[in-house]
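Novice: Sequences are here, hints too, so could you generate the full structure?
Here is how the chains run, residue by residue.
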Amino acid sequence: MGVKKKIFIALAIIAIAMGLYVYREYFRKNKNLSYVKANFKIQANALIKEFEENEKNANEKFLDKIIAVSGAIRDVIKDDKGYYSIVLGGDENMSAVRCSMNSIDQDEVGLLKKGNIIMIKGACTGFNADDLLGSDIILNRCVIQKNDSR
Amino acid sequence: MFAAGTFLRAQDKFYTKTGTIFFRCTKSPLEKIEATNRSATCVLDTKTGSLQFAILVKGFEFERALMQEHFNENYMESGKFPRSEFKGQILNNNEINYTKDGVYNTTVKGRLQIHGETKDVETIGTLTLKDGKISASAGFSILLSDYNIHIPSIVSDKIANNVNITIDCNLELFKGQ
Chain A
0 MGVKKKIFIA LAIIAIAMGL YVYREYFRKN KNLSYVKANF KIQANALIKE FEENEKNANE
60 KFLDKIIAVS GAIRDVIKDD KGYYSIVLGG DENMSAVRCS MNSIDQDEVG LLKKGNIIMI
120 KGACTGFNAD DLLGSDIILN RCVIQKNDSR
Chain B
0 MFAAGTFLRA QDKFYTKTGT IFFRCTKSPL EKIEATNRSA TCVLDTKTGS LQFAILVKGF
60 EFERALMQEH FNENYMESGK FPRSEFKGQI LNNNEINYTK DGVYNTTVKG RLQIHGETKD
120 VETIGTLTLK DGKISASAGF SILLSDYNIH IPSIVSDKIA NNVNITIDCN LELFKGQ
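As they're listed, the protein sequences go chains A and B. Note that numbering that gives the first Met the number 0 gives residue 48 to position 49 of the first sequence, counting from 1, and the numbers run on in steps of one. Note that numbering that gives the first Met the number 0 gives residue 89 to position 90 of the second sequence, counting from 1, and the numbers run on in steps of one.
Accuracy of the hints is not assured; some may be wrong.
[Stated by the list, open to error] Heads up, simulated DMTMM-like pairs for lysine to aspartate or glutamate below, C-alpha to C-alpha not over 20 Å straight-line: (1) K79(B) <-> E59(A); (2) K174(B) <-> D74(A); (3) K79(B) <-> D129(A); (4) K132(B) <-> D79(A); (5) K12(B) <-> E24(A); (6) K80(A) <-> E171(B); (7) K129(B) <-> D78(A); (8) K77(A) <-> E171(B); (9) K60(A) <-> E68(B); (10) K30(A) <-> E72(B); (11) K31(B) <-> E24(A); (12) K60(A) <-> E72(B).
Because the hints were derived from the structure by calculation, they are not lab data.
Specialist: What follows is the structure, given as structure tokens:
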């Protein structure tokens with residue numbers, strides 16, 4: 000095989016690899032968090048406390064991270080379109096961790112009841128401070144954490 | 000009767016923490032650019048007609064992860080400007096009978112803060128009263144350039160400067176703490 004031919008084949012392989020990469024990156028979906036290891040494991044009330052005491056530090060630590068939060072379910076909310084939010088923790092005031100659930104496991108989420116102790120894993124989108132309504136830490140794409148392995 | 004009157008008056012705020020805000024700035028039919036935030040807070044004071052919304056920018060979910068990352072990092076700079084909010088007023092609040100079920104058209108005017116920039120917006124919406132709950136919906140559009148969000152020319156055939164926003168909130172009575 001001539002040198003030119005080898006170079007041509009090498010370039011073709013690189014081009015195909017790059018094309019594949021771009022294609023996959025372009026159509027990449029958000030990961031199902033069931034298969035993602037949590038960056039932090041924390042009690043709901045402890046997480047609320049960290050944000051209430053120092054929002055800036057807590058944002059640096061938790062924003063965009065995957066957090067597994069455990070606590071008692073304060074509320075299960077289903078919106079018009081069938082999406083669930085689970086509210087965890089915050090006994091004394093209205094502040095809480097609000098978990099906007101992934102749309103995939105809706106059946107299971109529908110069985111949850113107030114007072115159940117649970118661990119939910121989600122992506123931290125931040126702290127929505129509100130004097131009247133109470134401040135919330137909001138987690139998105141949440142899934143029920145079934146065991147402690149991840 | 001008197002007792003009932005004061006009872007009603009004490010309860011003039013309605014709220015939600017699971018409001019839905021959807022936006023679309025699709026320009027090319029090949030590329031859908033839209034996202035939904037399902038954790039909007041909203042407070043309506045039925046006595047004064049004051050209306051407020053707040054969302055965390057990072058709470059918008061796109062179908063494609065890359066788009067969501069670009070939205071947060073390049074356009075909204077959500078690390079720097081984590082929250083967006085609207086504070087306004089229902090201009091025709093006195094035309095709404097909050098004790099009677101029905102569908103009421105509203106005109107809302109206020110200040111919308113996005114990407115650290117605040118602008119006046121005005122829109123029409125509806126309030127639907129039923130069984131002691133209020134569902135609020137509205138649709139309006141804004142220009143990204145008004146909020147200091149620039150679209151690089153390389154993607155200007157895909158991202159529209161004109162963004163359509165729709166809001167749907169089911170409000171319930173705020174009982175206080």
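Novice: Compare the structure with the hints numbered earlier in the document and write down the numbers of the violated ones, lowest to highest.
Specialist: 5
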